[in-house]
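Novice: Residues per chain, in single letters:
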Amino acid sequence: MSASFFSVRAVRHPGSFAGEEHGPPAASGWLASGFLGSAGKLRFRALSVSAPAPSSSARRRGSSSVVVAVSSDVVKEKKLKPSSSSSSDLLITKEEGLELYEDMVLGRSFEDMCAQMYYRGKMFGFVHLYNGQEAVSTGFIKLLKQEDCVVSTYRDHVHALSKGVPARAVMSELFGKTTGCCRGQGGSMHMFSKEHNLLGGFAFIGEGIPIATGAAFASKYRREVLKEADCDHVTVAFFGDGTCNNGQFYECLNMAALWKLPIVFVVENNLWAIGMSHLRATSDPQIWKKGPAFGMPGVHVDGMDVLKVREVAKEAIGRARRGEGPTLVECETYRFRGHSLADPDELRDPAEKACYAARDPIVALKKYILEKNLAREDELKAIDKKIDEIIEDSVEFADASPPPHRSQLLENVFADPKGFGIGPDGRYRCEDPKFTAGTAQV
Amino acid sequence: MLGVVRQKVGTGGSPLTVAILGKTLPFLRAAATPLRSYSSAAKEMTVRDALNSALDEEMSADPRVFLMGEEVGEYQGAYKISKGLLDKYGPDRVIDTPITEAGFTGIGVGAAYHGLKPVIEFMTFNFSMQAIDHIINSAAKSNYMSAGQLSVPIVFRGPNGAAAGVGAQHSQCYAAWYASCPGLKVLTPYSSEDARGLLKAAIRDPDPVVFLENELLYGESFPVSAEVLDSSFSLPIGKAKIEKEGKDVTITAFSKMVGLALEAADILAKEGINAEVINLRSIRPLDRATINASVQKTNRLVTVEEGFPQHGIGAEICTSVIEESFGYLDAPVERIAGADVPMPYAANLERLAVPQVEDIVRAAKRACYRSVPMAVAA
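Protein chains in written order, with this note's numbering: chain B, 1 to 442; chain E, 1 to 378.
Calculated from the structure, these hints are not laboratory results.
There may be inaccurate statements among the hints.
Within a straight-line C-alpha distance of at most 20 Å, the following computed EDC-like cross-link-like pairs (lysine to aspartate or glutamate) qualify [said to hold, decoys possible]:
id, chain 1, residue 1, chain 2, residue 2
1, B, 418, E, 49
2, E, 83, B, 346
3, E, 83, B, 232
Computed footprint of chain E on chain B; a stretch qualifies when at least three of its residues, placed anywhere within it, have a C-beta under 8 Å from a C-beta of chain E [said to hold, decoys possible]:
id, stretch
4, 378-388
5, 401-408
What follows is a list of derived Cβ distance ranges for each label pair [stated by the list, open to error]:
id, chain 1, residue 1, chain 2, residue 2, range
6, E, 340, B, 195, 24 to 32 Å
7, B, 422, E, 322, 18 to 26 Å
8, E, 182, B, 229, 51 to 59 Å
9, E, 297, B, 424, 44 to 52 Å
10, E, 319, B, 428, 38 to 46 Å
11, E, 80, B, 428, 31 to 39 Å
12, B, 414, E, 297, 53 to 61 Å
13, E, 137, B, 250, 19 to 27 Å
14, B, 342, E, 206, 31 to 39 Å
Where a beta carbon is used, it is the ideal one built from N, C-alpha and C, also for glycine.
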């Protein structure tokens, strides 16, 4: 490593972490850390204490400030610690298990189909796929009500699907057809759905966080100013590790904690921002620590394990719903594909990719379900088949849908189209039947 | 002879004018040979290579020049413009930043205050909106506020305008926004020669320069002469280039639209209209002299731009021409701009929202014959 001012010097603490099941391969940036807990200690103590510092454990003392991926296999943990503090042996019921499985398979199959369609030219522009991160989306969104809001980034297809936007609507939107959820006007990066309270879909990272904070503000406002006593809507904001270096993130952490807004900030830390490793971009890579700095709990969870994510999510969403304020949840996860379909993905170490591929969240959940006898293999296969049919149907629907009519070009610019002004005949322009012929005729 | 005709008939589209022009223009078409500015050398260079070589040469010539931006180092540049520079100059001069435009732009401006020459890359100029406070308030206004004590020799560069299917938040053209601000120089290269010459001039310039490239042009090849390839080559800031000389109508354009304007000029030539195409190269300062001289020669103007129509570059050019060459105009000035809507994602709507060659041809014909009625502008 050069000693130049701008390159990050990695700090090594070899072999410092007892309880680490697998040593990480010696790829650059893979260093020992001392702060990851097991499934049995999901930081409930941290969440219940309103004071800044999360509970310490002996392991974390003298820890380095670098992130490592530790494989924490749910099934293995359960066997080792039968009397763990996460109470019952089973974290989910059969119905819940199948719901989670179906949602994750839907997300994965949809994204795989997107890749196919992109290479066939049906989709264009920037497409960012979510493969590998399904546990985070499913783990959080499946606990939300329809009225709760979700705000995302450009990697938003699976958030939309988990929130309930039909696969047909999302696929049509990606094809640029008028039956898409935004009538073909938004595209891959701008999924919006008022019905399902998906507030976007933003191209700039960090842009969604103030929006989400505002939605939470509105929820609190409705309860306290407008006196809608039963308004306990929670907002969940999803964003990545790169976003955590952006000023908007900190501004919103401050205000959300200050005003005790009902929001959960979920960091999908997949360690890479296009080609920039999180460790090269961040002075202190442990993002969960930034929560306590602003007066809210910061939690780190294994984002490749949907059950762990779900447990943390329950607590965080519950906190928000009860009016106790925001939570910062850092989910350690990984994207199996490149940043976008145009990214050659040359900078990531294949060993790192292989390590995370072994922790595929869908495979892990399937294993859990089967080992706990929550469902049979054929029931899971039936779900796989059902999802395949849904995806096929969505592609056919999108293919068969018409592209937007040229008159749609000028629609939806304003909520009140009188914003287009007054025409030469003294009437509002939008009242002229020839108005939507489009400026392109000029 | 045409001049005499014009003085007799005056401005406007009376049938008499149309008839006379219809008869005289074919004479002109035979007489005038459209001049292409192709150089005699056979070497071709893509815009991407032109920018890369310009950065390379300027960085090796002056150790105070450094490049800062997202993915410029290890990723070789989000659009590969800075390919190879990290290996050549090291991580101290090619700096990968975290995703924090406001922060690193401010850091660049501060470095410029204190004697360095930063080149700040925005992955697209849409992201510069997160940093616009520093571009305008810290960079553009500083020389004035400090009465000349602090000059800011910084270059902000990156792709600007629409690409293909990238949606509303990635497709806006910022030429008009930045060009309205005193203290900034705004450059818009089209060909490789423009890219090399203007980027070198921008880096050497002691003032803040906003350098608006275009993603779709990066892969296009243009012929370059030996003079362009020389490391001391640079183009003057504030001088437009007449890409094709003509006599009948002036078409001004910048960046990608120059290519479309040249195509339109080819089509118009077949129909007897000899268009003069001006590649603006520099939006601020705008080369009003060249534009007005051209309009005084052709008497008709069509401005082309990709951005939103209201308060756009075309608006400024049209006003400049009305102010200085009103008596020479034979037809109302025509403005072609992008549609007055955020860029839609759907492919067919996106095609409608950006000017196409046919739109330029139609407008030029309208400026010449007034035969096609104008549609209602949004």
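Novice: Each hint: holds or not?
Specialist: So, going through the hints one by one against the coordinates:
1. Distance hint between residue 418 of chain B and residue 49 of chain E is unfulfilled; the C-alpha atoms sit about 48 Å from each other, more than 20 Å.
2. With a C-alpha separation of about 14 Å, the suggested pairing of residue 83 of chain E with residue 346 of chain B holds against the 20 Å cut-off.
3. Under the criterion of a C-alpha separation no larger than 20 Å, the hint pairing residue 83 of chain E with residue 232 of chain B is inconsistent with the structure, at around 51 Å.
4. Interface restraint, the stretch 378-388 of chain B with chain E: violated (0 residues with C-beta to C-beta distance below 8 Å; minimum three).
5. For the stretch 401-408 of chain B, the assignment as covered by chain E holds, since 4 residues bring a beta-carbon within under 8 Å of that chain's beta-carbons and 3 suffice.
6. A hinted range of 24 to 32 Å for the beta carbons of residue 340 of chain E and residue 195 of chain B is consistent with their spacing of about 29 Å.
7. For residue 422 of chain B paired with residue 322 of chain E, a C-beta distance near 24 Å keeps the hint of 18 to 26 Å intact.
8. Against the hinted window of 51 to 59 Å, the Cβ-Cβ separation of residue 182 of chain E and residue 229 of chain B comes to about 55 Å, which satisfies the hint.
9. Restraint check, residue 297 of chain E to residue 424 of chain B: a C-beta distance of roughly 33 Å breaks the suggested window 44 to 52 Å.
10. Under the hint 38 to 46 Å, the C-beta atoms of residue 319 of chain E and residue 428 of chain B, about 27 Å apart, miss the expected range.
11. Residue 80 of chain E and residue 428 of chain B have their C-beta atoms about 48 Å apart, which leaves the hinted 31 to 39 Å range violated.
12. Against the hinted window of 53 to 61 Å, the Cβ-Cβ separation of residue 414 of chain B and residue 297 of chain E comes to about 42 Å, which falls outside the hint.
13. Roughly 21 Å separates the CB atoms of residue 137 of chain E and residue 250 of chain B, a value that falls within the hinted 19 to 27 Å.
14. Checked against the hint of 31 to 39 Å, the pair residue 342 of chain B and residue 206 of chain E passes, with Cβ atoms roughly 37 Å apart.
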